[in-house]
Amino acid sequence: MVLRADYLLPCYRKLGSMDRRGEFIVRTRLTRWRLLSGLVPALVDSTRYLGATALQMMPALLFVFLLPLPARAAQATEPSHGVVVVYDDVRWLMTRKNPHLIVLNCRDAACGGVSSGCVTLQFDNPANSYAPGVLAQVKDINRRFIGVWERKGQRLVLVDAPETQTLGRRIIALSSLRYRSGNRIKRIWSAQIQAPFGTTGLVCESDEDKYPVASAAWMSLLQAILIPSEQ
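With numbering that gives the first Met the number 0 as the guide, the letters of the sequence shown map in order to residues 0 to 230.
Keep in mind that a hint or two might mislead.
Said to hold, decoys possible - Capping the alpha-carbon separation at 20 Å, the derived lysine to aspartate or glutamate pairs in DMTMM-like fashion look like this:
(1) Lys185 / Glu207
(2) Lys185 / Asp159
(3) Lys185 / Asp208
Source of the hints: derived by calculation from the structure; they are not laboratory data.
Starting from the given sequences, assemble the full structure and let the hints guide the process.
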């Protein structure tokens, strides 16, 4: 471009303004080119810096992306007494067999895998709304289960005898039974909470080898049950 401007200058000597303008234009373009030629390495260097920074941050970014999905609280209400089951709908799938039975099936390993599931049970018996009554209700649940299994020619084994515990301000009763289904061993867990109308709680089931993890998740569900008369 500079050579071309020098070559054209004699031809436009009488038009000095054009000469100067032409030279100015050329030099302006050169100035712009020099500016750009200086910017390009800077952009390249900054890109390399950002790339290196991104590589350094990659483990942290991977850690963030591999984190489990955050818990999302969902609710299901039993209509008779307004008992509310609060659960994580990322972890649990809720269905209803009827308006009074809330069924929760586990979706991931953190609650025992697909073999793990629970159903809510309410019992209207105000006489049971105290510690011995809650214990009596769990014993009755076990008796009913054992009777059903015996009629099918199967045997339920009592693993954890019914006992009462405190869960926060509540009195609860817990028990578990074991049975065999084909080549798999299963565990049934029953839990009831004292309530003004009687008792409410869960009956849950999982494979025996998933029971330690599953039962911890079931206890979290039990603890999150809301009884309106307590609020």
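Going down the list of hints, with the structure as the test:
1. Lys185 / Glu207: The hint holds at about 5 Å.
2. Lys185 / Asp159: 14 Å, holds
3. Lys185 / Asp208: 8 Å, holds
Checked against the numbered hints listed earlier, the structure breaks none of them; every hint is satisfied.
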